[in-house]
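Asks: Protein chains in written order, with the numbering used here: chain A, 1 to 321; chain B, 1001 to 1343; chain C, 2001 to 2283.
Please keep in mind that the hints were generated in silico from the structure rather than gathered at the bench. Just to be clear, a hint being listed does not mean it is correct.
[To be verified] Once the Cα atoms are required to be at most 30 Å apart in a straight line, the calculated DSS-like pairs of lysine-lysine come out as:
| no. | chain 1 | residue 1 | chain 2 | residue 2 |
| --- | --- | --- | --- | --- |
| 1 | B | LYS1188 | A | LYS255 |
| 2 | A | LYS56 | B | LYS1186 |
| 3 | A | LYS163 | B | LYS1188 |
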Amino acid sequence: MPSAGPVTGSRSFLAKLRDGDEIARLVTFVFAATVVLITVLLVYELWINSTLPRHKFGLHFFVTQVWDPVMDEFGALPFVYGTLVTSAVALIIAVPLGIGASIFLAELAPPRISDTLQFFIDLLAAVPSVIYGLLGVFIVVPLIRTVIYPAINKPFGFLPMFKGPSYGVGFLTAGIVLAIMVIPYIISVSREVLLSVPRDQREAALALGSTRWESTWKVVVPFARTGIMGSIFLALARALGETMAVTMVIGNTPKIAASLFAPGYSIAAVIANEFTEATGELYTQSLIALGLVLFLLTFVLNGLARLLIVVTTQKGSGVSA
Amino acid sequence: MKRIALLLAVVLLCCTLVFGAQAGLLINGAGATFPYPIYSKWFDVYHQKNSSINFNYQSVGSGAGIKQVTEGTVDFGASDGPMNEEQMKAFQDKRGTQILHFPTVLGAAVPTYNVPGVTGSLNFTPEALAGIFLGKITKWNDPAIAGANNGVNLPANDIVVVHRSDGSGTTYMWTDYLSKVSDEWKSKVNKATSVNWPVGLGGKGNEGVTGLIKQTPNAIGYVELIYALQNNVPYGMVKNAAGNFVKADVSSVSAAAASAVKDMPADFRVSITNAPGKAAYPISSFTWLLIPAKIPDSAKRDAIKGFLKWMLTDGQSYCEQLSYAKLPKEVVEKEEKAINNIQ
Amino acid sequence: MNARLRWRKLVSNFMLTMTGVCAFVSVAVLFFILGYLLFNGGTSINWAFFTQLPKPVGEVGGGMANAIVGSAKLLLAASLLGVPIGFLGGIYLAEFSGATVASVVRYAADLLNGVPSIVIGIFAYAIVVQPFKHFSTLAGAFALGLMMIPITLRSTEEFLNGVPRMLREGAMALGASKWKTISTVIVPAAYRGILTAILLALARVAGETAPLLFTAFGNRFWSQGWAQPTASLPVMIFTYAVSPYEDWHRQAWAAGLVLLGLILIINILARTILSRGIAVPRS
Chain A
1 MPSAGPVTGS RSFLAKLRDG DEIARLVTFV FAATVVLITV LLVYELWINS
51 TLPRHKFGLH FFVTQVWDPV MDEFGALPFV YGTLVTSAVA LIIAVPLGIG
101 ASIFLAELAP PRISDTLQFF IDLLAAVPSV IYGLLGVFIV VPLIRTVIYP
151 AINKPFGFLP MFKGPSYGVG FLTAGIVLAI MVIPYIISVS REVLLSVPRD
201 QREAALALGS TRWESTWKVV VPFARTGIMG SIFLALARAL GETMAVTMVI
251 GNTPKIAASL FAPGYSIAAV IANEFTEATG ELYTQSLIAL GLVLFLLTFV
301 LNGLARLLIV VTTQKGSGVS A
Chain B
1001 MKRIALLLAV VLLCCTLVFG AQAGLLINGA GATFPYPIYS KWFDVYHQKN
1051 SSINFNYQSV GSGAGIKQVT EGTVDFGASD GPMNEEQMKA FQDKRGTQIL
1101 HFPTVLGAAV PTYNVPGVTG SLNFTPEALA GIFLGKITKW NDPAIAGANN
1151 GVNLPANDIV VVHRSDGSGT TYMWTDYLSK VSDEWKSKVN KATSVNWPVG
1201 LGGKGNEGVT GLIKQTPNAI GYVELIYALQ NNVPYGMVKN AAGNFVKADV
1251 SSVSAAAASA VKDMPADFRV SITNAPGKAA YPISSFTWLL IPAKIPDSAK
1301 RDAIKGFLKW MLTDGQSYCE QLSYAKLPKE VVEKEEKAIN NIQ
Chain C
2001 MNARLRWRKL VSNFMLTMTG VCAFVSVAVL FFILGYLLFN GGTSINWAFF
2051 TQLPKPVGEV GGGMANAIVG SAKLLLAASL LGVPIGFLGG IYLAEFSGAT
2101 VASVVRYAAD LLNGVPSIVI GIFAYAIVVQ PFKHFSTLAG AFALGLMMIP
2151 ITLRSTEEFL NGVPRMLREG AMALGASKWK TISTVIVPAA YRGILTAILL
2201 ALARVAGETA PLLFTAFGNR FWSQGWAQPT ASLPVMIFTY AVSPYEDWHR
2251 QAWAAGLVLL GLILIINILA RTILSRGIAV PRS
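So that you can see chain A by itself, here it is in the shape it has in the complex (with noise of 0.2 Å):
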């Protein structure tokens, strides 16, 4: 007779198997267990897969900026750069405009406004990347050519990081088109942790006879600070392992330029376009290093994020991005 409630004392192991609850929970286990050892497979995959460019390059891996595949050198420099100068410039662009709106969303707006207008914004992160592709082809690259570049080049064109003719395509462009992407990362984020301050907080500042942009930017934000530190990380994440946009405007060239207007590689980009036809098992073992750094990288700064966040935000589950 299947029994229900607490059970006293242990009972044998068939006994409780024809319990339906034991088998609930062997399954159930299972399924959860697969989850880890998906995991651990997918980790240890990437580690084996990519000895050799390990035994061959070490540490020089890091360091070294040629990209040679038929002198079999590979160095992963031109694509670590690309993808940090990337991902700086879209944060560059993203954090200012992220934060701005959330301080609205969370501070101004009336609820409802505020909610329906986070309801478009939750939209904006669900569009595919490809799409944001397709629009970066088509739109962000000739306006690039056409309108950014020279007025930004003739003015601060004998600045490092504006010289140099422009083809439309490039760190730049690439770096716009990621910052649109994850400016709604920093907005949901920011403004759940900025509506997570307590009432108290700008009360005391309001009482104390501050304007309500210094209670917001003086109180009320700083209070806020780790969380919105968390959003940024996310963002940064985000940008980091983002592949078909990048590929379609950075211009796919593994070379490290001091201008934001050349074209240049990043590592998800380089694996996307290379993979399918790396000959060679350094070739590709050397594709699949660079996606173990890429995979460490956004780790990292995953693990940082929840941290950041769930500590602000004081809530147990924390955010799923």
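Once you have looked at the hints, place chains B and C on chain A.
Replies: Chains B and C alone, transformed into the frame defined by chain A:
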């Protein structure tokens, strides 16, 4: 709610059964973008004639074609750069059989450009091309270019070099030519499907390069002739070994092949860049289908052999309208015999 | 004093207006994208787009029927893989597991969630494509399914935990075993949230391109069964957009509109379902 969910599940299941039903033979191939226009035409026409056979060809670049056929993830590959000894050995080791090369058409890689104010054909000397792609000639009005183009108003703009970002037989063809005409290129960069380019932007596939050139003023790149024609991008003439500036077309490409035909090796791997002959276009090449010598699946084997026979006869009639040159008669005869090598 | 106060008030008004501008710009981008796609894609959508196969290169016309069906098949198979694992795993976390096991599983799920989609593609290539020696719909579905697991798992756990205690206790008081409680009381109570999570996970992977590049590969024809390579909407958009053919660009816009429309509809549906349900934490 439960009933709706159940109904939905049944509908989906039916759909999967319908779409899951095996009907017709699918043969997967991947490789060169160079001959993609004619391959897609051929496979489409062949499917109309033999509705139970589908040749699914993915234009992903010669490099990917070589890799995927070696891995065995596709049934055949395609490349405009013949596989080298190392790659052929790797194939042998991995798949336990030889890889066979079957030439399909002849094509040309042309220098395409987007120079403001220039709509006609520019003349390019081998020195000019090598210099541009080495990054030593940086402006359009450089004497090396202007010298061959009297009367053309070349602007003083920076040249934007465009090359392939993926492994490409077209790249092989182009770098093979440059290695023959420039010692500096040969020692610095050499020839392969994927090289360490001194300068330039990368485009994916012939399609990507054409697209980039179209959208980027002052750009120059190399693409297969049909891509320049289909997209109305101007392309230049190249000085051949005999000293004449020749424009790429069916007859100049055929002329380039003519000299190599007599000495065609049994495995059909030959380079015809910088060929001798007054009317030869110097950057021409065969393009090959890469087919394993042993195909265990008899249905696939027969389908592939059937297609090859059709390709060598009826298929060749589609070449001209897409600006590829037909295979020379002698090569066709040799190939028809070689088809029997596929077991 | 007065002048200083006036200045501070001016700054305050200005900065607060600027934040409004930031919010406006962010939302405007969405509408711009939608509008642009509608305009360019809308004019290119025709009946042929939905019913015809792609034409040979360079010829005008044809459609993406095989890509649409291909994407549908991929998503179906991905759900069959990802949803059960996420759902049942989530039940384990919420109902059965101890604290340490739970944190290990949660950590693994978060890790999996953060893996860039291109790396998932590499993994799927190594596990499914290489051993079986061909590209296939299954391989693509495997990659996409993996990406659905973390969202489904975490959301299931969250929503199950959010079911009020009194429902549990009521069931137990009536003598139901644990499993019966879960299956007849708790899960139905949380089903809105869980369904929402599944829909959101589906919407997320529907647009993924990178993992399909070396798993499902591509197909100019109909893909039969599950073991053949297949075309898919996102990959077609990518291929057509970077090509030089005007007609392909036109088709890329159309495909973009269809894809985005689908994803937005799923998102809006999911969020409306959630907002009408019982009070559960928002995902």
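Asks: Confirm or reject each hint.
Replies: Evaluated hints:
no., hint, in the structure
1, LYS1188(B) with LYS255(A), "17 Å, holds"
2, LYS56(A) with LYS1186(B), "26 Å, holds"
3, LYS163(A) with LYS1188(B), "27 Å, holds"
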